[in-house]
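Visitor: Sequence:
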Amino acid sequence: WTLAGKGFCHSHEIYRNLDDARDLEAYYFLLRIRMFIHSRQRRAPRAGAGGNHPEDVLGFEDFDAFGELLGPTVDERARFDFANEVRRGVISARRRVASYAKGVIEQELKNGREIRPHSPIVCGLGGLSHRTSYYCQTHHERSRAALALVLAAQRYDLPIDATELQATFRNAGDWLVRVPELAELFYETRGSLAKSFAFLSQVDGAEDCLFPGYARFESSFDERVHLERRSLRSALERNKTAALEGFVQEGQQRLAGAIASERPVATTQHELAAQEAALLDADQLAAIKLALKTKRLPVTTQDEVALGDPSREFYDRFSTGLSGIPLSRYYRPFQTEAGFRPETLELVEFLIANHRLFKQCAQAGLSAEREVAKLIQVCGDEPKLRCLFVFACADRAEWNAEATDPGRWMITRELYQKAIAWFKPAPDPAQSLRAAGFSPDQVTILEDLGKDFFDGAYRPFARRFGAHLARLGEEEEFGEPRAILLSAGVAPLVGVAARDYPGLAATISGEFARHGIELRQAHFFSAARYRLALDFFHPALDGPPLPSGLLKSIEDAIRQRLHISATDEAALPGLKGKRTLEAWHPGLYRLQFETGEDHKGLLYVLACKVHRHLRANIFGLTAHGARGRAFISVYHDLPEGMTLEEATRIV
326 WTLAGKGFCH
336 SHEIYRNLDD
346 ARDLEAYYFL
356 LRIRMFIHSR
366 QRRAPRAGAG
376 GNHPEDVLGF
386 EDFDAFGELL
396 GPTVDERARF
406 DFANEVRRGV
416 ISARRRVASY
426 AKGVIEQELK
436 NGREIRPHSP
446 IVCGLGGLSH
456 RTSYYCQTHH
466 ERSRAALALV
476 LAAQRYDLPI
486 DATELQATFR
496 NAGDWLVRVP
506 ELAELFYETR
516 GSLAKSFAFL
526 SQVDGAEDCL
536 FPGYARFESS
546 FDERVHLERR
556 SLRSALERNK
566 TAALEGFVQE
576 GQQRLAGAIA
586 SERPVATTQH
596 ELAAQEAALL
606 DADQLAAIKL
616 ALKTKRLPVT
626 TQDEVALGDP
636 SREFYDRFST
646 GLSGIPLSRY
656 YRPFQTEAGF
666 RPETLELVEF
676 LIANHRLFKQ
686 CAQAGLSAER
696 EVAKLIQVCG
706 DEPKLRCLFV
716 FACADRAEWN
726 AEATDPGRWM
736 ITRELYQKAI
746 AWFKPAPDPA
756 QSLRAAGFSP
766 DQVTILEDLG
776 KDFFDGAYRP
786 FARRFGAHLA
796 RLGEEEEFGE
806 PRAILLSAGV
816 APLVGVAARD
826 YPGLAATISG
836 EFARHGIELR
846 QAHFFSAARY
856 RLALDFFHPA
866 LDGPPLPSGL
876 LKSIEDAIRQ
886 RLHISATDEA
896 ALPGLKGKRT
906 LEAWHPGLYR
916 LQFETGEDHK
926 GLLYVLACKV
936 HRHLRANIFG
946 LTAHGARGRA
956 FISVYHDLPE
966 GMTLEEATRI
976 V
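Numbering (the working numbering), first residue to last: 326 to 976.
The set of hints was computed from the structure by calculation and includes no laboratory data.
Keep in mind that this is a model prediction, so the values were computed, not measured.
Among these hints, one or two may not hold up.
What the hints assert, rightly or not - Cβ pair distances, simulated, as ranges: (1) Arg359 - His443: 41 to 51 Å; (2) His465 - Glu393: 28 to 38 Å; (3) Leu810 - Val630: 42 to 52 Å.
To be verified - Listed below are the simulated DSS-like cross-link pairs for lysine-lysine, each with C-alpha atoms no more than 25 Å apart in a straight line: (4) Lys925 - Lys877; (5) Lys749 - Lys709; (6) Lys684 - Lys620; (7) Lys901 - Lys925; (8) Lys520 - Lys427; (9) Lys903 - Lys684.
Don't be surprised by glycine CBs; every beta carbon is placed ideally from N, CA and C.
Starting from the given sequences, assemble the full structure and let the hints guide the process.
Guide: If you want it as structure tokens, here you go:
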């Protein structure tokens with residue numbers, strides 16, 4: 326209508342005068358996809374407001390069904406590859422049609438003002454535009470003009486005029502190359518890189534020119550796309566960059582508001598990530614941004630393992646390493662062509678090669694010295710450790726974040742804080758207790774809980790239980806347990822202080838099970854010299870709310886030493902699954918249990934059996950699920966004289 330209206334000409338004349346027939350081909354391609362969508366619907370067509378038709382909406386089920394076009398006779402791999410190709414075509418066609426339409430409609434508004442004297446970039450009613458890009462002759466010149474425009478939009482937080490989609494960025498997927506302005510986009514500390522790539526995502530093939538493998542990446546599926554059924558992977562990737570930018574902004578505000586030189590205390594994954602991100606320089610932030618952008622594009626050794634594992638789903642095997650270029654070679658052109666600094670690219674390779682490190686260490690269970698030592702050894706210095714932590718937090722800002730898995734992220738924070746303290750030792754933790762008014766004798770009692778407690782994430786709760794534990798240690802006749810509902814980041818947490826006795830862990834976990842409350846993890850600290858225990862329990866977030874009488878019933882169960890008798894064990898369900906016992910740490914062992922059966926109350930069942938059959942002291946319990954299976958771990962010692970072989974036979 327815009328092109329034909331002035332001269333009152335026929336649409337066929339417009340079509341004949343198009344300078345690139347692919348725009349019309351893209352439109353016809355979308356019409357064919359529209360017919361396919363209609364063929365899958367059983368309801369009658371109906372027009373909505375403004376002439377919109379609900380049956381024209383492309384839903385996730387349609388987006389996931391393109392393999393049906395091949396018919397029933399082909400094999401699943403051919404159908405899988407074909408569906409990816411069709412999705413890529415849909416993405417390409419939607420971009421072409423949207424790009425063409427926006428460019429035509431906004432053409433009248435392309436008058437503007439220079440952003441600075443003699444600059445080829447002008448700002449008009451529709452945003453920024455480049456007035457000399459038309460004269461660029463080579464791919465390199467055109468690329469510099471295009472990315473300079475994106476850089477200006479990012480730096481000044483202004484939109485780019487939509488007419489540039491049909492001008493400076495016209496068919497950029499055919500000619501865009503890496504130039505120094507690309508590196509400047511990542512090093513720029515002003516504006517939003519996520520918004521810059523949101524603009525470039527409208528230009529078909531542009532990001533694939535800059536980041537080989539990106540087109541395959543955004544049309545591919547992974548577990549998150551399958552489960553959420555809402556977004557392309559490219560949109561999710563940009564959300565991660567936006568999360569990183571939010572961390573930096575929030576962290577700078579928090580540090581600016583801190584009193585004197587004392588840093589504010591971070592109690593959640595988000596707060597700690599923001600605090601640490603604010604300490605990064607422009608080079609480090611650029612590396613994290615580039616790693617977030619390209620994490621699934623280079624081929625790593627972990628990708629090669631996944632590709633060679635036929636037991637995995639197709640979308641799991643073929644969702645990474647999408648460029649086919651090894652990690653050791655992928656980033657070389659980013660230095661020679663785009664001007665990224667060598668140290669930046671070295672950090673990018675480190676982040677991508679180790680992007681699962683925090684997850685692997687946290688899944689190992691309790692925050693042990695071995696896992697902390699592994700972090701220290703792999704990272705080698707404080708800046709790399711901080712970058713890896715911030716990268717992990719941004720990468721999981723939405724998916725598998727603290728809101729859905731608080732136990733894992735509490736362990737992650739503890740691992741990070743212990744590792745960072747190795748490079749930058751913290752003040753004596755006992756000093757804070759003395760400053761809070763505890764006497765030297767009381768501090769001695771609390772220090773007997775061990776280094777893991779005072780160096781870990783539970784130390785802030787010492788003040789809540791300190792007076793009660795001190796009284797238990799000082800007054801032999803006083804033996805009252807105490808249970809308190811606490812807050813650990815975004816999730817509730819139950820802490821229990823009591824006199825220690827064999828089976829205490831089973832007593833408390835049994836009381837949780839009696840109330841139908843599933844636990845995700847539990848940590849047990851013991852002051853052996855005074856026979857005191859300070860234990861922490863993390864209820865599952867997807868379970869029922871904690872009942873009002875839970876804390877009192879836990880205290881009663883401890884007084885009566887419930888849930889650990891032979892009668893209690895006889896009433897327990899059988900254990901159907903795989904169990905293994907292994908040495909985990911000098912003097913400590915880990916019993917692992919895996920099952921696909923109903924796993925309700927399994928932490929208590931295993932804690933009870935470990936107490937009754939192995940006569941062991943339990944230090945921790947963890948539980949998590951994956952792909953329909955439950956994985957339970959019990960961390961414990963063995964009584965004097967019992968060998969691992971004997972314990973294994975008992976298990």
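Visitor: Hint by hint, where does the structure go against what was stated? Just the numbers, ascending.
Guide: 2
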